[in-house]
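Asker: Going down the list, the protein sequences come from chains A and B.
The numbering used here numbers the first residue of the first sequence as -5 and each following residue consecutively.
The numbering used here numbers the first residue of the second sequence as 124 and each following residue consecutively.
Everything labelled a hint here was simulated from the structure, so no lab data went into it.
The beta carbon of each residue, even a glycine, is placed where N, CA and C say it ideally should be.
Accuracy of the hints is not assured; some may be wrong.
To be verified - Coverage of chain A stretches by chain B, computed from C-beta distances (three or more under 8 Å per stretch; other residues unrestricted):
hint	stretch
1	75 to 84
2	87 to 93
3	185 to 197
As the list claims (entries may be wrong) - Part of the chain B face toward chain A, derived, beta carbon under 7 Å:
hint	residue
4	Arg332
5	Arg340
6	Arg356
7	Pro432
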Amino acid sequence: MSALLTVDGLRLTTGPSTLVDDVSFHIGPGERVGLIGASGSGKSLTASAIMGLLPEEITASGSVRLDGRQLLGAPERQLSRLRGKDIAMVFQEPMTALNPAMRVGRQVAEAMRLHRRIDRGAALAAAVELLDRVRLPEPERIARAYPHQLSGGQRQRVVLAIALANDPALLICDEPTTALDVTVQARILDLILAGVGEQGGALLFITHDLAVVASVCERVLVLEQGRIVESGPVRQVLGAPRHEYTKRLLAASTLEAS
Amino acid sequence: MTLAIVRRTAILLAGVLAASIVVFAFLAVLPGDSAQVALGVNATPELVERTRQEFGLDRPLVAQYLDWMGGVLHGDFGVSYVTREPIGPQLLDRLGVTLWLVGAGMLVALVIAVPLGTVAAVRHRKPSGALVSGLAQLGVAVPAFLAGMILVQVFAVRLGWLPSGGWTPPAHDPVEWLRGLILPAASLGLVQGAVLTRYVRTAVLDVQREDYLRTARAKGLRPYPALLRHGLRNAAVPVVTVLGLQLATLLVGAVVVERVFVLPGLGSMLVDAVAARDLLTVQGIVLVLVVGVLLVNFVVDVLYTLLDPRLRRS
């Protein structure tokens, strides 16, 4: 089975400091991979590097390939055609991820209109369908609402709807439930799994919550200070951690749970 | 939203009322008698007394105020103590000139500031962005009258392309009117444009850091389209605030530029009225300027609610 996403020797630097060093991994089609680590370990930067949305001051080297196409250093014109269509992303902070001055329906419809020949009316109708697919009640009403009229959980569903709009081959979720209520978290996770499951999409799930990784992912990568220190099937890594850092992460989360 | 606009209209009307009382009271408590001031030191007491009666200055202040305001509401600003001519028609004529000047100046400022500020923000790490910022910084330091004099030197005196001053009513000769408006508008607008460029730059920089812009990029929008579709409207909120303040400054500050370019606007009328000690005319002009500023604030408030749906709850 050839990999969908291959990250090889990814290195991210800013000025003299190295933020991510020699990160290599791959994700197969339809595979669900977790990326765990403490805050500041480089998880989100790795995701941004894959999306090609790194802050200007950060330099990337190594290689990121999607279906064999090199993404690192590819021209913006080419990357923007992939973004939102082949790779999509759900962000951590639903409260700020949506444009406050644009109706929700238009923001979802825009994701489709950018990558397909579809007129405004049809895109809006499809947007309402998508909002229904992420289980938003009264999707027609929500489509006409502005983000500030929705709750955090509802906004994250909208962000997810935008990400799923073109059935991406790879969905990257960067701590999608961290900012949400515990009661809402489980439902969002279900929706993410259902969303990628329906079309056989792959998932890169970034979190520091080991319980979430255990319930969502098949395979897990442990990042510490910009390096991958351990990787393998979830059961194996979380059941019998070999690296000291993973053990500490696990101990900390068990403490939290008890 | 309608409610919000009704509320702001009420605030506007209350503001106008308060302003009219302040303007009237301020000139009423000034030392010296209006009639005496207008007639000069050599006037006989009898003449002063007769003039006072003629203009109703011997009545109680409240009655004088109500009389004045009642007239103003019908466009009647009274009769000048000095020229004995009705103030209203002249005021309206002059206001038209000033409004054209301020409007055109603001247009020049916007045409300069929006594209330059945006480019300066997007390329803030590149030399071209720094150059724009530097030029804006320089422009801020130039006073409008100096800009006006330099523009006259270059485009009127040396090149002879445009008139160095004077006013042609637009209905009279639109082409000549436009030619006469270009230099004054440019000298007002260039400086304000430089100030505004810096605010546009800051607003766009702030918007660029917003999460929703990253979402827009993640959808597949390229940097400039993402900024245009998702950034400009949000960046417009702080810019409109500054624009409102600038318009108020321009309205009052047009005095200087009207002098430089010999324009028959409100500003030069005010300076003339003050010089002639024509207090009732001064009172009328100041009221019109204050109402103008209040109106600008009102429009800014309404624009906020149009730009940012979060402000529509009320």
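Asker: Report the numbers of all earlier hints that the structure fails to satisfy, in ascending order.
Answerer: Those not satisfied are hints 3 and 4.
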